[in-house]
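Based on the provided sequences and hints, a complete structural model is requested.
The opening residue of the sequence shown carries number 0 in numbering that gives the first Met the number 0; numbering runs sequentially from there.
Hints may be right or wrong, so weigh each one.
[Said to hold, decoys possible] Lysine to any residue pairs mimicking SDA-like chemistry, simulated, CA-CA at most 25 Å apart: (1) Lys137 to Thr23; (2) Lys108 to Ala18; (3) Lys108 to Leu122.
[As the list claims (entries may be wrong)] Label-pair restraints from in silico Cβ distances: (4) Thr98 to Arg62: 31 to 39 Å; (5) Arg109 to Arg80: 32 to 40 Å; (6) Asp49 to Leu103: 19 to 27 Å; (7) Arg69 to Leu103: 12 to 20 Å; (8) Ala59 to Gly146: 36 to 44 Å; (9) Pro58 to Asn151: 29 to 37 Å; (10) Thr98 to Pro58: 15 to 23 Å.
Since the hints were made in silico from the structure, they are not lab data. Ideal Cβ placement from N, Cα and C applies to all residues, glycine included.
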Amino acid sequence: MMAYCPRTEAHMPIPDDMARLILTQGSGVLSTSADDVPHASLMSYAPEPDLTYIHMATPASTRKWANLGRNPRLALLVDDRCETREGTGPTSALTVGGTHVPVLDPQEKRRILDMLVARHPRLADFLSGEGMEVIRLKPSWMLHLSGPDRINFIDLQKK
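Given below as structure tokens:
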């Protein structure tokens, strides 16, 4: 069964287990790089309901923002380890890889920041800070691991 995600015909549908993980979790580890030097950051995120984008925010002065200016490729690792206790089932982890799409329209930037605040109210002061920038991840592939040996890779750009 596949999640209903209104995407163009050029995109594969996102399987339910992958969509559920993105939609039910709220934080993950963002990976960026520049000059072959990786950088990882714990981030709160808010996905669009149709999963076309996953949004995060960071001050413009951060290394991750500088990295995205030089290399727009990024990945977000989301997992459910906080919900899975030893012996109650396999931990599920999903890496969402894609491209950062700059948000140039001030109204769109405000909409996304408001979406982040609605999902993470404790971050309201941080997200209203000076120089806050939106990271917009457009997924192009996903790698889902469930337990130690179940692996599922999908290429969202494959026709």
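Hints, one by one, checked against the model:
no.: 1; hint: Lys137 to Thr23; result: 18 Å, holds
no.: 2; hint: Lys108 to Ala18; result: 24 Å, holds
no.: 3; hint: Lys108 to Leu122; result: 16 Å, holds
no.: 4; hint: Thr98 to Arg62: 31 to 39 Å; result: 19 Å, violated
no.: 5; hint: Arg109 to Arg80: 32 to 40 Å; result: 33 Å, holds
no.: 6; hint: Asp49 to Leu103: 19 to 27 Å; result: 21 Å, holds
no.: 7; hint: Arg69 to Leu103: 12 to 20 Å; result: 18 Å, holds
no.: 8; hint: Ala59 to Gly146: 36 to 44 Å; result: 40 Å, holds
no.: 9; hint: Pro58 to Asn151: 29 to 37 Å; result: 35 Å, holds
no.: 10; hint: Thr98 to Pro58: 15 to 23 Å; result: 21 Å, holds
Of the numbered hints listed earlier, the single one contradicted by the structure is hint 4.
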